[in-house]
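Student: Note that full-length UniProt numbering has the sequence shown beginning at 1, numbered continuously upward.
Mixed in with the good hints there might be a few duds.
Unchecked claim - Think about it this way: if two alpha-carbon atoms lie no more than 30 Å apart in a straight line, the pair counts; the simulated DSSO-like pairs of lysine-lysine are: (1) K200 x K187; (2) K100 x K156; (3) K184 x K93; (4) K187 x K156; (5) K184 x K200; (6) K93 x K200; (7) K184 x K156; (8) K156 x K93; (9) K200 x K156; (10) K187 x K93; (11) K184 x K100; (12) K200 x K100; (13) K100 x K187.
Quick caveat, the hints were computed from the structure, so don't treat them as lab data.
Note that the structure is predicted; figures quoted are calculated from it, not measured.
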Amino acid sequence: MASPSTMCMACLRSGRAGMLRNSCTRANPLRQGANRSFSLTHPATTRSPLYLDFLAPSIHSRLSISFASPRTPQFGSLKPLHHSFSSASVTRKAIQNPRKDEEGNEMSIEITPRAANRLHQIMTADSNPDLALRITVESGGCHGFQYLMSLTDSSKISPDEDTVFEGAHGTKVVLDEPSLDLLKGSKVDYTMELIGSQFKIVDNPLATSSCGCGTSFDIKM
1 MASPSTMCMA CLRSGRAGML RNSCTRANPL RQGANRSFSL THPATTRSPL YLDFLAPSIH
61 SRLSISFASP RTPQFGSLKP LHHSFSSASV TRKAIQNPRK DEEGNEMSIE ITPRAANRLH
121 QIMTADSNPD LALRITVESG GCHGFQYLMS LTDSSKISPD EDTVFEGAHG TKVVLDEPSL
181 DLLKGSKVDY TMELIGSQFK IVDNPLATSS CGCGTSFDIK M
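Construct all of the structure, not just a fragment, from the sequences and the given hints.
Tutor: Here it is in structure tokens:
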């Protein structure tokens with residue numbers, strides 16, 4: 001039987017060996033835990049960082065904006081352009097007592113829209129739809145002939161001696177035969193100038209010269 005001192009020494013060595021094994025055994029779970037912790041946190045390192053997606057547009061959205069096809073114009077909604085020719089004069093045929101020249105051509109004049117509009121304004125202001133513009137050519141003036149403008153009533157128009165032309169708005173221009181023969185092919189216009197506004201004869205194909213005011217002219221003989 002071993003002595004007490006021998007047993008105590010044996011127990012002491014056995015206890016130290018057990019403590020050493022236990023300490024080694026407890027160290028392994030720590031290393032495994034560290035490994036597990038590393039393995040658990042490792043996927044987190046590969047995950048993309050968190051940020052607000054709605055503040056940073058994605059590549060797909062930028063590409064869709066950059067390469068968006070232009071909008072095709074709707075030609076069906078376009079309206080055609082309309083040109084207005086209200087300033088153009090119109091050749092008027094006589095509505096009363098038409099006449100022909102020596103060559104057998106019908107004599108006519110043109111009435112510009114400005115002249116017709118102004119005459120219509122006068123008719124409306126006077127409340128007289130029977131007003132007409134009479135044009136008379138007389139000898140005189142600085143160039144040999146001059147024309148005179150006056151307002152007349154339809155009741156004073158001679159059915160035998162006067163020729164009547166009708167313009168826009170039912171306006172009427174009256175000339176006797178000698179005056180029409182000198183003004184055929186010309187235009188009746190209304191001009192607004194610094195010196196005043198007036199009815200005027202323009203573009204007379206028979207006139208070779210005229211004065212500055214345009215009321216006196218010379219003709220081809």
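Student: Please go over all the hints and tell whether each is borne out by the structure.
Tutor: Taking the hints in turn, this is what the structure says about them:
1. Between K200 and K187 the CA atoms are separated by roughly 8 Å; this keeps the pair inside 30 Å, and the hint holds.
2. Taken as a hint, the K100 and K156 pair is honoured in the structure, with Cα atoms around 23 Å apart against an allowance of 30 Å.
3. Among the hinted pairs, K184 with K93 is consistent with the structure: their alpha-carbon atoms are about 11 Å apart, no more than 30 Å.
4. The suggested pairing of K187 with K156 holds, with an alpha-carbon distance near 23 Å, which does not exceed 30 Å.
5. Under the criterion of a C-alpha separation no larger than 30 Å, the hint pairing K184 with K200 is consistent with the structure, at around 14 Å.
6. A distance of roughly 19 Å separates the Cα atoms of K93 and K200; the hinted pair therefore holds under the 30 Å criterion.
7. A C-alpha spacing of about 22 Å is found between K184 and K156, which places the hinted pair at or below 30 Å, so the restraint holds.
8. Distance restraint check for K156 and K93: the Cα-Cα separation of roughly 21 Å lies within the 30 Å cut-off, and the hinted pair is therefore satisfied.
9. About 22 Å separates the Cα atoms of K200 and K156, which keeps this hinted pair within 30 Å; it holds.
10. For the hint linking K187 to K93, the alpha-carbon distance of about 13 Å falls within 30 Å, and the restraint holds.
11. With a C-alpha separation of about 10 Å, the suggested pairing of K184 with K100 holds against the 30 Å cut-off.
12. Between K200 and K100, the direct Cα distance comes to roughly 23 Å. Compliance with the 30 Å bound is thereby established for this hinted pair.
13. Distance check on the hinted pair: K100 and K187 sit about 18 Å apart at the alpha-carbon level, within 30 Å; holds.
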